[in-house]
Amino acid sequence: MTAGQAAGTAAGTAVERRFPPVAGLTTVSLAMVVVGGILMASYVPRRPPLGLPAALACIGAALVLASVFLLSRLQDFAWDRFFVVFRWALLAYVISAAMIGFAFVRDHTRGAPLALVVLMLVIFAVDVPIIIAFTVARYSSPPHSAS
Amino acid sequence: MSDTRHLQAGPAGAGPAPARPRVQVVPVRGLPVVAAVVVFVVVSIAGNWLWALTFCHVVGGALWTAIDLFVGLIIGPILGRLPVPARTEFAARFMPKMVLLMPTLVLMTLAAGFQLALLEGNLAPSSPNHAWLVVSYCVVGVMAVIALGILEPANIAVLVEMRKARPDGEIIARLMRRFVLTAGITGVMQVATLIIMTRVATQ
Numbered sequence: 001m002t003a004g005q006a007a008g009t010a011a012g013t014a015v016e017r018r019f020p021p022v023a024g025l026t027t028v029s030l031a032m033v034v035v036g037g038i039l040m041a042s043y044v045p046r047r048p049p050l051g052l053p054a055a056l057a058c059i060g061a062a063l064v065l066a067s068v069f070l071l072s073r074l075q076d077f078a079w080d081r082f083f084v085v086f087r088w089a090l091l092a093y094v095i096s097a098a099m100i101g102f103a104f105v106r107d108h109t110r111g112a113p114l115a116l117v118v119l120m121l122v123i124f125a126v127d128v129p130i131i132i133a134f135t136v137a138r139y140s141s142p143p144h145s146a147s
Numbered sequence: 148m149s150d151t152r153h154l155q156a157g158p159a160g161a162g163p164a165p166a167r168p169r170v171q172v173v174p175v176r177g178l179p180v181v182a183a184v185v186v187f188v189v190v191s192i193a194g195n196w197l198w199a200l201t202f203c204h205v206v207g208g209a210l211w212t213a214i215d216l217f218v219g220l221i222i223g224p225i226l227g228r229l230p231v232p233a234r235t236e237f238a239a240r241f242m243p244k245m246v247l248l249m250p251t252l253v254l255m256t257l258a259a260g261f262q263l264a265l266l267e268g269n270l271a272p273s274s275p276n277h278a279w280l281v282v283s284y285c286v287v288g289v290m291a292v293i294a295l296g297i298l299e300p301a302n303i304a305v306l307v308e309m310r311k312a313r314p315d316g317e318i319i320a321r322l323m324r325r326f327v328l329t330a331g332i333t334g335v336m337q338v339a340t341l342i343i344m345t346r347v348a349t350q
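Those sequence lines, one after another, are chains A and B. This note's numbering puts the first sequence at residues 1 to 147. This note's numbering puts the second sequence at residues 148 to 350.
Calculated from the structure, these hints are not laboratory results. Where a beta carbon is used, it is the ideal one built from N, C-alpha and C, also for glycine. You may find that some hints are simply not true.
[Unchecked claim] Quick list of simulated restraints, FRET-style, between CB atoms:
1) A/Ser72 - B/Asn195: 23 to 33 Å
2) B/Val205 - A/Val94: 20 to 30 Å
3) B/Arg346 - A/Gln75: 51 to 61 Å
4) B/Ala312 - A/Leu52: 45 to 55 Å
Produce the complete structure using the sequences and hints provided.
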């Protein structure tokens, strides 16, 4: 086997390797907070009912925690690359989330609705960097077992 | 077809392979422009500045919609039929620009649009535009999940892969397929946005 063929085999493994559904769970978590955000925004400038958005935020939080748990169990994973991408993406999405939060504060959202919006924005600001960083790192990981 | 797995590799004796473009995941020179746009939008919202909000929403929305439609329905299908090395060359120059451009346009359009709707009373339940705006939230919500959950991660993963000394053509091809498919879906959904926004503007 030539060096090129060996590299090709390793790269083939990189594509075919199986990982836990971190990106899928986190994307569903993102969808939960987006739906919750839509529900709340559709009531502006009135006070929205908080039951359903709060339930969606809780599901979103549970899903992202499940993703973090699955991530923490990964071995032979490109953690250095994951954290580099995660850090920069987190910075970008914290700025995005802060701007959305600012718009809600500017529009006199206060009390429990504001707390719920902040929780959803925190989940949003963590979800997207996890998805991006995981997608990048999974194709950069050493070609051994993934879990 | 040439070996596309490792894009830097060329056939022996074929001479030196053309230099691959140096791929920058985030074009640093564009960051001041992004910062200026964000500050402008924040100032517009803070001051409830009607012209600026309208400017941000209309200009951002027009560019977002047009780029999504063009990339999803014109560039995407062309890109999908190109050989992997050609796709890679295109992506190396195109995708870093999209990393900065699209999130900035989306942020500008949505933040300004929401404030504008509030300012003009379109969010009031009695407004004939209220239902249309809620539908537009749903369309944007679906597009946001697709863009943030699938499209953007694929975009950045392609760029990171292309920075490697030996980029894997199979990984790039797989991620580019995902990029092209999701860009097509968001492009089609932009047609719904056009219908909704023209309804809102004329009621």
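So the hint says 20 to 30 Å: do the beta-carbon atoms of valine 205 of chain B and valine 94 of chain A match that? Taking Cβ atoms as reference, valine 205 of chain B and valine 94 of chain A lie about 28 Å apart, which means the hint holds.
Supplied distance hint 51 to 61 Å, evaluated on CB atoms of arginine 346 of chain B and glutamine 75 of chain A: Holds, since arginine 346 of chain B and glutamine 75 of chain A (Cβ atoms, about 53 Å apart) stay within the stated range.
Cβ separation of alanine 312 of chain B and leucine 52 of chain A, checked against the hinted range 45 to 55 Å: The hinted range 45 to 55 Å holds for alanine 312 of chain B and leucine 52 of chain A, with Cβ atoms some 50 Å apart.
The hint says 23 to 33 Å between serine 72 of chain A and asparagine 195 of chain B; measuring C-beta to C-beta, is that right? Since serine 72 of chain A and asparagine 195 of chain B have Cβ atoms about 45 Å apart, the given range 23 to 33 Å is violated.
This entry does not satisfy hint 1, going by the numbered hints stated previously; all others are met.
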